[in-house]
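A.B. asks: The chain contents come next:
2 protein chains.
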Amino acid sequence: MAGPGEFEFIRSKLAPLSAGAFGAADLTDDGAVLDLGPGERLAVTADTLVEGRHFPIGEDAGLAARKALRVNLSDLAAMGAKPFGYTLGVIWPRDGVQERADGFVAGLAQDQAVFGVRLFGGDTVVADAPWSIAVTAFGRLPAGSSLRRNRARAGDALIVTGTIGDAGLGLQLALGEYSPSNTADADQFRRRFQLPEPRIGSGLAVRGVAHAAIDISDGLLSEARHLAVESGLGFEIDLEQIPLSAPARRWLDLQPDRASAITQLASSGDDYELLLAVPSRKLAGLSHLLRQQEVPVTQVGQLTARDGDDPVIVTWKGRRIEAEHLGFTQF
Amino acid sequence: MAGPGEFEFIRSKLAPLSAGAFGAADLTDDGAVLDLGPGERLAVTADTLVEGRHFPIGEDAGLAARKALRVNLSDLAAMGAKPFGYTLGVIWPRDGVQERADGFVAGLAQDQAVFGVRLFGGDTVVADAPWSIAVTAFGRLPAGSSLRRNRARAGDALIVTGTIGDAGLGLQLALGEYSPSNTADADQFRRRFQLPEPRIGSGLAVRGVAHAAIDISDGLLSEARHLAVESGLGFEIDLEQIPLSAPARRWLDLQPDRASAITQLASSGDDYELLLAVPSRKLAGLSHLLRQQEVPVTQVGQLTARDGDDPVIVTWKGRRIEAEHLGFTQF
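Protein chains in written order, with our numbering: chain A, 1 to 331; chain B, 1001 to 1331.
Worth double-checking, as some hints may not be accurate.
Computed footprint of chain B on chain A; a stretch qualifies when at least three of its residues, placed anywhere within it, have a C-beta under 8 Å from a C-beta of chain B [said to hold, decoys possible]:
#1 31-37
#2 44-53
#3 87-93
#4 117-126
Computed from the model, here is a short list of chain B residues facing chain A with C-beta under 8 Å [to be verified]:
#5 1034
#6 1041
#7 1079
#8 1089
#9 1091
#10 1123
#11 1125
#12 1128
It should be emphasised that the hints constitute simulated quantities derived from the structure, not laboratory data. For every residue, glycine included, the Cβ atom is placed at its ideal position computed from N, Cα and C.
Given the sequences, and given the hints that come with them, work out the whole structure.
C.D. replies: As structure tokens, then:
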């Protein structure tokens, strides 16, 4: 599909990203041929980022590229898969190829080294459109070991990795919706919004331990709802237990309505932490496992047998948060 | 990445497309887990279609969906792979989801049945953007059997399947660049532009026979150039040998400058036929093989040892077509 100019762009800029990718033939073919080891399965996921929607207009091209790759790696992490490659479908705005191309490629090259992945092919198009980056990412995992969303059981603990809410505050900063009093804190919020850290090692570590897993892309409460609904369960979450970074805690302490502010952090997107459903008897082992990776884990609640009228209970200091404040009205 | 509205859209509209897809878990997970048989390899390709660029603004949504899928299946055909699945990344214009959604899904369902493929996951986004459809398609093939672009040898015959140029005339019609005198002919041109026929059976049949293969998405001459360059060769093509449909021949007969008109047909895109490099001793067998599938095959030229100054010779009735009319100036 690539026109002559695009073809040269692919050859010159993107071809080095496929170096060493088995079967990718340095992107001279339109496609690639991949291999799996005996007993291995291929995990596949696809996510698209659009400028002005998932990252701010004028975002550094390298950061945008890395975020597009990383949100897909986060999906693979939630499946318990080890990433090894990806394909790209990039739509460039008509007047915006040159200024973005080098940074885009450099950002991908940097993250390829960090995560051990390679480009396996793709397509670039120039159009009257906002910049968009569609990634399909590939990982390997042993047969029968994949983490799923819909295998949680009533009584499982709801566990999150890392901390929640920084990225949502980073988005607010990017939108100019608040001015931070603390520059270093603001930098952390911004960085976590721009460049998520997919929890690949954690996903690998909890295979066979967690009953279910999901990555937190659309807010902790929303993802807890997905995990519960798809497992046929309800859930309880205590917002006081939600792990916050020191900067997020400082931000929270300045808010007039703390209940509303913590609900906001638990509803804002782009954390890219993992939310896990873990049977109680395995909690201690799992915490030990993930802390060895220097990944903090925190229990924020539990899965409950689904009760028709009241499947979601979210509390803060013993007070119930009303459903209309949770960011979803239907269960 | 899907917001609540998009999430419901995926569940309700797209989930049925993943029914029976091993590991796709009815799209309740963000990703899918795929399996390969022993000795099998996975072929992967990615192509993106943008409204107003690859298909006309206002195109029937089902036809656009099917074209997006089919151009990817055509890439797999050129690799000699048997398609079995795909992922989607769709960007919907803000006010254009409802009017397109049902047709889009129905079109995909129709072609899933035709080609035996299933949806393995994906992502939909609503943005201030033209409608775009990014597909990554998956096929299987035995280890070591994939067709490549860069394995042609000097002396190989250049073979095309089917006929060339109809789709290019269909694009001209869509752009209002000419008014046909013959309605039935116009319908055929339009149909071939809207709905390519990926040559999957032909790709499977010529594995181990053709030295190299490429699908003709950007025009016969341009693809011959790719195949030759990547194999380190030159080529000769006789435009008189290019297979034309009866409607295209009628169109050609009406053109004042036939040499220019046939060059145009050989340079226009969207044919999605296969261009094969075949050793002479295997020509008869290959023709027999493909005619059994009722696919016409035609020799249009040959690969040549690359000669620094003159790697491309394109002729019509013994007359040389000058390089500046071939749609590419560099070799």
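A.B. asks: Please go over all the hints and tell whether each is borne out by the structure.
C.D. replies: Hint-by-hint comparison with the structure:
As drawn, the region 31-37 of chain A meets chain B at 6 residues by the rule of a beta-carbon pair under 8 Å; at three or more, the given contact holds. Under the rule that three or more residues need a Cβ within less than 8 Å of chain B, the assignment of the region 44-53 of chain A holds, with 9 such residues. Here the region 87-93 of chain A counts 5 residues with a CB under 8 Å from a CB of chain B, which clears the bar of 3, and the coverage holds. Against chain B, the region 117-126 of chain A contributes 5 residues with a C-beta closer than 8 Å to a partner C-beta. That satisfies the three-residue criterion, and the hint holds.
Interface restraint check for residue 1034 (chain B): the shortest CB-CB distance to chain A comes to about 4 Å, inside 8 Å, so the restraint holds. Of the supplied interface hints, the one on residue 1041 (chain B) holds, with its beta-carbon coming within about 5 Å of a beta-carbon of chain A, less than 8 Å. Using the Cβ-Cβ criterion of 8 Å, the hint placing residue 1079 (chain B) at the interface with chain A is satisfied: the shortest such distance is roughly 5 Å. With a cut of 8 Å, the hint placing residue 1089 (chain B) at the interface with chain A holds, because the nearest CB-to-CB distance is about 4 Å.
Hint status for residue 1091 (chain B): holds, given a least beta-carbon distance of 6 Å to chain A, under 8 Å. Annotation: residue 1123 (chain B) was flagged as interfacial toward chain A, and the flag holds, the nearest CB pair being 5 Å apart, inside 8 Å. Interface hint at residue 1125 (chain B): satisfied, since its Cβ lies 5 Å from the closest Cβ of chain A, which is below the 8 Å cut-off. With a least beta-carbon distance of about 7 Å to chain A, the hint placing residue 1128 (chain B) at the interface is held under the 8 Å criterion.
Consistency note: the structure conflicts with none of the earlier hints.
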